[in-house]
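Chains A and B, in that order, are what the protein sequence lines are. If you're matching positions, the first sequence starts at 1 in my numbering and goes up one per residue. If you're matching positions, the second sequence starts at 490 in my numbering and goes up one per residue.
Since the hints were made in silico from the structure, they are not lab data. Check before you lean on any hint, since a few could be wrong.
Stated by the list, open to error - Restraint-style ranges between C-beta atoms, simulated for each label pair:
#1 A:Gln-322 to B:Thr-690: 27 to 35 Å
#2 A:Thr-230 to B:Gln-750: 38 to 46 Å
#3 A:Asp-88 to B:Leu-751: 45 to 53 Å
#4 A:Val-263 to B:Pro-741: 30 to 38 Å
Stated by the list, open to error - Using 27 Å as the maximum straight-line C-alpha spacing, the simulated DSSO-like pairs for lysine-lysine come out as follows:
#5 B:Lys-748 to A:Lys-259
#6 B:Lys-859 to B:Lys-822
#7 B:Lys-756 to A:Lys-392
#8 B:Lys-836 to A:Lys-285
#9 B:Lys-689 to A:Lys-392
#10 B:Lys-748 to A:Lys-392
#11 A:Lys-349 to A:Lys-106
#12 B:Lys-576 to A:Lys-285
#13 B:Lys-748 to A:Lys-261
#14 A:Lys-319 to B:Lys-756
#15 B:Lys-576 to B:Lys-590
Stated by the list, open to error - According to the in silico footprint, chain B covers these stretches of chain A (three or more CB under 8 Å from chain B):
#16 160 to 171
#17 418 to 425
Every residue, glycine too, gets a C-beta built ideally from N, C-alpha and C.
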Amino acid sequence: MALRAPEPVADTAPPVRKGITRRQALAAAVATGVGVGAVRLLGGTIQNLSHSGAASGTDWVSPLGRESARVMQLLRRTSFGYNQAQLDAALSDGYGKTVDRLLETKPAEPPVLAAAVTPGGRFGVPELQQWWVGHMLTTPTPFAERMTLFWHGHFTSDYRKTANNTFMYWQNLTWRRMGMTNLRSMLMDVTTDPAMLRYLDLATSTGQSPNENYSRELMELFTMGAGNYTEEDVRSSAKALAGWQQPQPDSTATVVVDKAKMVTQKLPVYSAQRSGIFNPRRAYKGTVTYLGHTGPLDTQGVLDAILAQKATAPFIAAKVAQHFVTSSPSSAYVARLGETFRRSQYDMKTLMRAVFTSPEFTADASYRALLKSPIEFMVHGARALGATNLSKLVVAAGSGMGQSLFDPPDVNGWPNNAAWISSNTVVERVNFVTLALAQTKGSLPSATDAARTHLDGVVGPQTANLLNQAPDERTRWFVTLASPEFQLK
Amino acid sequence: MNKEIGINQLKRRDFLRAGLVFGAGAAGLAAGYAAVPDAFARGVFAAKQNGMANDNVLVMIQLAGGNDGLRTLVPLTDPTLHDLRPKLAGPMVSQALPLTKDFGLNHNLGGIKSLWDQGKVAMVQGVGYPNPTFSHFESIRIWETGDPTRRQVDGWLGRTLAKAYDSNGHPLTGCACGATDVPGALRDLQATMTVIQNQKTFGFTGGSEVEAAVGALYKGTPGIYGALFDTAIATANDTIATLRTSSASYQPMADYSDKVQLVYSSKNQLAAALQLAAELIVTGTGVKLLHVTLGGFDTHYTELNRHDDLMGYLDSAVSAFYKDLAAHGKADKVLIATWSEFGRRPKENASGGTDHGAAAPLLIIGDPVKGGLYGAEPSLTSLDSTGNLKFAVDFRSVYQEILGGHLGADSNQILGASFDRVPFLKAPVAAL
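In isolation and in its complexed conformation, chain B is listed as follows (with noise of 0.2 Å):
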C-alpha cells in the first residue's frame, strides 16, 4: 500500500515557502463565496441535530464483490453444502457460531454475534430480486438505485436526501467515509453530500490563505463540470470547519484497528471509516445517511481463508463502532446495515472459490433492531437455471422498512412502489 507521503503534513510553513500570496482582493472575493446561491451547496451540515424531525441515523456497509452468504450465515444441518461445497464446507460448519439449531454465523463474526445474544442483530435471509444479473456493475446499480428495471439513475440514499427534510427545512445531509468518490447509493445531484477519505489529512495543505482563494476561484465556474466543481469545493469548506469542530470534541471510546490479517491487502480503512462516521454522528453534525465501503468480496480463488478474514476485519469494526456509539449514548439512533451486490454460487469451482451468484442474507446491526432471522431460508436443493439460490425477500423490502421505520422517510415515494414487510425494527417511526 503506498502511503500517503508529505501529503498535507505539509502546512503552513511550506506552503509560505512555495511563495504563493494572494492579494487581499482575494480574501474579497472569498468573502463573497459565503453567498453562493447554492441551495444544497450552503446546506452542508447546515441541519442541526435538535431541529429533525427525528435524529436517527443510517450507515450502510457495502461488502463489495459479491459476498458469500452461505459463509457469512451457514446452514448447519443440510446436507447438500457438503456435495457443493467439498472443499469449503466442512470447516465453516464445524466451526460455525450457531444462532439456531439450523444456522450459525462464521466463525469470525464473534462480535457481532455477542450482539446478537442481546438482541440487537436481525439476519434477513434470501434477499435478492427477480431475474438476477450476475454483472458486479449491473447488479451493484440496482442495489444503488433500487431499481432492477436500470431506468433510474440516483442513487437511494441519495434520492432520499435530496426529497427528505427536517422539521425545520433543513436538508438532510450525507457522507462516504473512508472514500474519494461519491457512491452511486449517495448520487444525487440535488443532495447534500460530503465524501472524506481520512479525516486526519482533509484540509488544504497551506491552509486559510488557500481555501479563501479556492473559495473564490471556484465560484459561477463555466460549463457543464461548473457547478460540480463549485458545489464541491463549497462542500469541501463546509466540511472542514465541521470537521474542525467536531475533532476537536470527539474522543473515541472503543479501539479501531485496521491492522487486521488479510490474504490480500484492502484498499479500504473500514476501521478507521466507521471511526469518522462515528465522529461526525456523537458530535452532533447533523449528518443522516453514512456510507463505508469493504472491498476484496469477490472470491473466486482460494475463498476459506480470504473470505475468514474479511469477516474477521468486518467484525472487529462494526463491534468497535457499536461500542463506540453505545459509550457516548448514541447507540438507539444508528441502524447499521450492510449490503452486497449478490451472494456467491453454492457450488465452489477448481480454485477453492465460489463465482458469481444471487440471493444472500444481510445483516441489520443495532439497538433500533428487533433481533432474529427474517426472510426465508434459501434452498440448496431448488436452484435456479444457473445453479444459485431463489430470493424470497425483494431488497427493497429491507429499504422500505429502513426508510419508513427508522428514517421517517417516505418510502413508497423514493422507492416508487411499496414492498412486503420485513419487520426487523423494534419501534417503527412511521405506519408502514
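The shape of chain A in the complex, shown without the other chains (with noise of 0.2 Å):
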C-alpha cells in the first residue's frame, strides 16, 4: 500500500525553557527523520524521575506556556478529557474562569437506576456499573464524576463484600453529593453509610466485643496514615464508634426469582435512600483514651479527635495532589496544601482551588506526569470519539486494565499512575481502542485534528510516523487512542 506523504500533524514545539535548545529539543526528532520537534533530551533539571534507570532519555516538551493547553490538561485532569463542544467552551472561558466553573458548578444527578427505587426491583452489579459509566459519559458536570471516583478509591467499598447492590448504588450517589462539601461532615457520612458499615463491619461491631476493621482504616487508609496512631488508638476508637447498624427496611417485596421452581423470595424494601442507625445499646459506655486524651467519647468525638490531629491535612493533600497533578508530590508542596486545606476547617472547595492553582499543577515538570486510570482513559477515549454509547464496552474492558467499578482490589482502593502498566494492561488499553472504534458506526470527529486537541500536538516520533503513514481517519484515530501520549494527563 502506497503511503501518504508525511504531513504535518502536530504545532511546531514551542521555545524550550530551562537552558535546552530548540535545537537540542529536535534533536530526538530529526535524528528519526521525523519533522516533529515533540521530545527534548532529558536534562539535569528533571530530579524526579521515579524510573530514571530505565528512561529512554527524552522527555516530552511541555506546551504549558501555552494556556491552550494548560486548559487541555486541567480537564484530561478533572474531567476525563472532553469532546470538541467541551473543549471549545473552556478555551473561550480560559483558565481561571474554567477552574470557578468546575469549582462552582453543581453537580447534575445522575438519572435514577429505576431497579434500585421500585420496591421488589432487583439489579446485578454489571448494570450498576453500566449506570454510572453512562453518566460519566453523558453528565454536563464530569468534574463531579472525577471526584466521586477519587472518593469512590479512597472511601472504597466494594460489592463483594458488601452484599448488597442498593447499598452500592446509595453510596455512590452520597459520595457524589458530598464530594466537594467539607471532610468534617464528610467523615460522617462515611461512618454510617449502609455500605461502608457491612464492608468494613461497623455494623456488627458492638461496645462489649469491638471489631477492629472500620477503626484501623479510618486512620490508616481514610484519614491520617500509618505511623500516626497507636494499636490501643484502634481498639480505643473500635470501642467509641460501636453501635452503629444498618438501616431497617419499611416494608418487604415478594419477588419470584425462579419461575419454573416458584421460588419467591422477599425483598427489603426502603422508601428512601437512609444511612446507619445508632443503636445506644450497642455501644461502648466506659471512657477511652484516645488519640492522648481520656474520657468518654462518640463517633463525633473520635472524627474531631482525627480532624485535630497534625497528619490529617497533609495525607489527604497528599493523596490529592498524586491524582491530580504529579506520582510524587515534593513535601513542601503537601504541606502548602495541607496548611491551606486545615485553615479553610476542610473546605473540598478550597483544597482543589488551590492544587488547580498552584504553579505546580502547570509547571513544565508537570506536564505528562499522571497517568490516566482505565476509566479515565477510556470514558476521554469514547467522548473523544463522540461515543457516548459504549458504557457496556467500558465496564466490560475495564477489568483487564485492573479497573472494575465498585470492586476495588482492596481496601486500600486502586493504585495510581505507574501501578497502572503491566503487559496484561497495555494491551487490553489497545484493545478497547479496537473495539471502541468497532463499534462507533458513523462518522467520526476529524482524527487529524484529535493529534491537536487531545495529544496537545505534541507527539513523540514513533507515534508521528504512524499518523502520518495511516491512510484513513479511522486508522488515525486507532493511534491516537492507542498512543502513549494518550494514556498520559
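Assembly of the complex is requested from the two constituent chains, each provided in isolation within its own frame, with the hints serving as guidance.
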C-alpha cells in the first residue's frame, strides 16, 4: 500500500525553557527523520524521575506555556477529557474561569436507576457499573464524576463484601453529593454509610466486643496514614465507634426468583435512601484513651479528634496531589496544600482550588506526569470519538486493565500512575481502542484535529510516523487513542 | 462478577470491520522493534530450560487479607483456644484432620492432607517478624520486599530475577498469573517478568497487524513512563508468542475448577491461574518464579464459613496443580509456598470473626519438600501486648531456604543478611 507523503500533524514545539535549546529539543525527533519537535533530551533539571534506571533518555516538550494547553491539561485531569464542544467552551472561558466553573457548578444528579427504587426491583453489578459509566459519558458536570471516582477509590467499598447492591448504589449517590463539601461532615457520611457499615464491619461491632476493621482503616487509609496512631488508639476508637447498624427496610416485597420452581424471595423495600442507625444499647459505656485524650467518646468525638491531628490535612492533600498533579509531590508542596486545607477547616473546594491554581499544577515538570486510570482513559476515548453509547464496553474492558467499578482490589482502593502499567494492561488498553472504533458507527470527528486537541500536538517520533502513514481517519484515530501520549494526563 | 463480554472474542473479522489498515511502513517499523536495545525486554522467555543452572521452579501463593493460622493448622488439645474463641473453636477442632497428636489441618484441606501423608508438605509454624504492624499494606510490603525496616522498595523475587542468571547468562523470568498488575514481590525495574490475567483471552484484538503497529508505536517512548510502556508492550508481544506455542502443546492432566462455594465471590480465579502456571512450567518456557493470589482472607466477620470455603478453594486448586505437574513429570522441580501478610487475633470478636494478628504458619508443598512440622508451636497463653501470637521463625528464614536451597540463588546477596535455617528441603541445591 502506498503511503501518503508525511504531513505535519502537530504544532511546532514551543520555545524550550530551562536552558535546553530548540536545536536540542528537535535532535531526538530529527534523528529518526521526523519533523516533529515533540520530545527533548532529558536534562539535569528533571530530578524526580521515578524510573530513571529505565528512562528512554528523552522527555516530552511541555506546551504548558500556552494557555490552551493548560486548559486541556486541566480538563484531562479533572473531567475525563472532553469532546469538541466542551473543549471549545473551556478554551473560550480561559483557565481561571474554567477552574471557577469546575468548582462552583452543582453536580448533575445521574438518572435514577429504576430497579433500585422499584419495590421488589433487582439489579446486578454490571447494571450498576453501566449506569455510572453511562453518566460519566453524558454528564454536563464530569468533574463531579471525577471526584466521585476519586472518593470511591479513597473511601472504598466493594460489592462482594457489601453484598447489597442497593447500598452500593446509595453510596455512589452519597459520595457524589458530599464530594466537594467538608471533610468533617464527609467523615460522618462515610462512617454511617450503609455499604461502608457492611464493608468494614462497623454494623456488627459492639462496645462489649468491638470489631477493629473500620476503626483501623478510618485512621490508616481514610485520614491520617500509618504511623500516626497506636494500636491502643485502634482499640479505643473501635469501642467508641461501636453501635451503628444498617438501616431497616420499611417493608418487604415478595418476588418470584425462579418461575419454573416457583421459588420466591422476600426483598427489603426502602421508601427512601437511608444512613445507618445508632443503637445506644450496642455502644461502649466506659471511657477510653484516644489520640492522647481520656474520657467518654462518641463517633463525632472520634472524627473531631482525627481532624485535630497534624497528620490529617497533609495526608488528604498528598493523595489529592498524587491523583491530580504528580506521582511524587514534594513534601513542601504537600505541606503547603495541607496547611491551606486545615486553615479552611477542611473545605474541599478550598483544597481543590489551591491545587488547580498552584504553580506545580501547570509546571513544565508536571506535563504528562500522570497516567490515566483505565476508567479515565476509556471515558476520555469514548467522548473524544463522540461515542456516548459505549458504557457496556467500558465496563467489560475495565477488568483486564485492573479497574472494575464497585470492585476495587482491596480496602486501599486502586493504585495510581506507574502501577497501571503491565504487560497485561497495555494490551487491554489497545484492545479497548480497537473495539471502541469497531462499535462506533458512522462518521467520526476529525482525526487530524485529534492529534492537536487530544495530544496537544506534542507527539513522539513513532506516533508521528504512524499518524503520517495512516491511510484513513479510523486508523489515525486508532493511533491517537492507542498511543502512549493518550495514556498520560 | 462482571464477565468480560465480547473482549477479545472479536478477532480479525471485527477488526477489519473497524476499518483499520496500517500502511506497509508500519510493518517496517515493527521489524525494527525486534532490535529494541532493552536487555530486560528482550530477555523475556529467552531463557531456555536446558540452559538453567537448575531448572527448579517456585510458585508463591499469596493468601491476601491475613490468613487465620489457627484455623489452617489447628491446635487440637489446647483448652485456651476454646476460651479465646467460644464461637469458632468448637467446629474447627472437632473436624480438623489430625497430623500429630496436637495439630490438625483445616477439615477442608483434604487434598493437602493426602500430600502430607506422602511426606510432601512442610508446615512452618509461628512465622513472622519483630514489632509486627497490623496494617495490611505495611505488612504486605514487608513480606514482599523482605525488609521489616521498610527501606527496600524492590520485591524479594524481583531482586532474585534481576540478580540471578542461568549458566548461559539468560536472565531468570517471572510471571504473575491471574493478575493485571505486577505483584510487589516480583517488582524490580531490572527484572524480566510478565503479567497474564487470562491466557485464553490474552492477545491483541485484531491480531498481528495490531501487534505490529503497537510494537512500532511503543518504541523509544519519551517521558518518565516511556521505558515502562515500551517494556510492557515488548514483554506482551513475547508473551503472546510464547503462549501460542505453549497452549498448543499443553494438555491439562487434572480438573481445575473455579466454580467453588464461597460466602463472597472471589476476585481471583485461583485454579485458572495455577493452570496457567502449570502450562508455562510443563511446556518449558523457562519461567522460574510464579506468583498467584487468592484474596478474601480478611475475615473480621462471619469467619466460620468464609474461611472454611477459602481453605476448600485453596485445597482443590493446589491439589489439581500438583496432580497436573506430577502427570507431566515436573513435580520434582516445583516448590509451592503460601504467604500472607499476617495471621489473625487469637481472640474472636463480636462479629464471629477475628481482627488482624501476627505470627502464623506457612504451607510448603511439593516433591522437593521434607515433610513435617517446623518452627515452634505458638503459645496461646503467652500472647504479646496486643493479644497476638509471638513469632518463632523470621519469614526471611523461609525465603533463605527457598532462594538458596531450591533456586540456587545467592540468598545472602538478595536478603542482605543470613538467618536461622529451617531445613524443610530434602536436598538443598546449595550449601546454606
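Evaluation of the provided hints:
1. A:Gln-322 to B:Thr-690: 27 to 35 Å: This hint holds: roughly 31 Å between Cβ atoms.
2. A:Thr-230 to B:Gln-750: 38 to 46 Å: At roughly 40 Å between Cβ atoms, Gln-750 of chain B and Thr-230 of chain A fall inside 38 to 46 Å, so the hint holds.
3. A:Asp-88 to B:Leu-751: 45 to 53 Å: Roughly 51 Å apart at Cβ, these two residues keep to the hinted range, so it holds.
4. A:Val-263 to B:Pro-741: 30 to 38 Å: holds, 36 Å
5. B:Lys-748 to A:Lys-259: holds, 24 Å
6. B:Lys-859 to B:Lys-822: The given pair, whose Cα atoms are some 14 Å apart, holds under the 27 Å limit.
7. B:Lys-756 to A:Lys-392: Holds. Lys-756 of chain B to Lys-392 of chain A sits at ~20 Å (cutoff 27 Å).
8. B:Lys-836 to A:Lys-285: holds, 21 Å
9. B:Lys-689 to A:Lys-392: The given pair, whose Cα atoms are some 21 Å apart, holds under the 27 Å limit.
10. B:Lys-748 to A:Lys-392: Given that 27 Å is the threshold and the Cα spacing comes to 25 Å, the pair holds.
11. A:Lys-349 to A:Lys-106: holds, 12 Å
12. B:Lys-576 to A:Lys-285: holds, 24 Å
13. B:Lys-748 to A:Lys-261: Holds, at roughly 23 Å.
14. A:Lys-319 to B:Lys-756: Status holds; Cα separation ~25 Å.
15. B:Lys-576 to B:Lys-590: Holds. Lys-576 of chain B to Lys-590 of chain B sits at ~23 Å (cutoff 27 Å).
16. 160 to 171: holds (count 3)
17. 418 to 425: It holds: at least three residues are needed, and the region 418 to 425 of chain A offers 8 whose Cβ sits within less than 8 Å of chain B.
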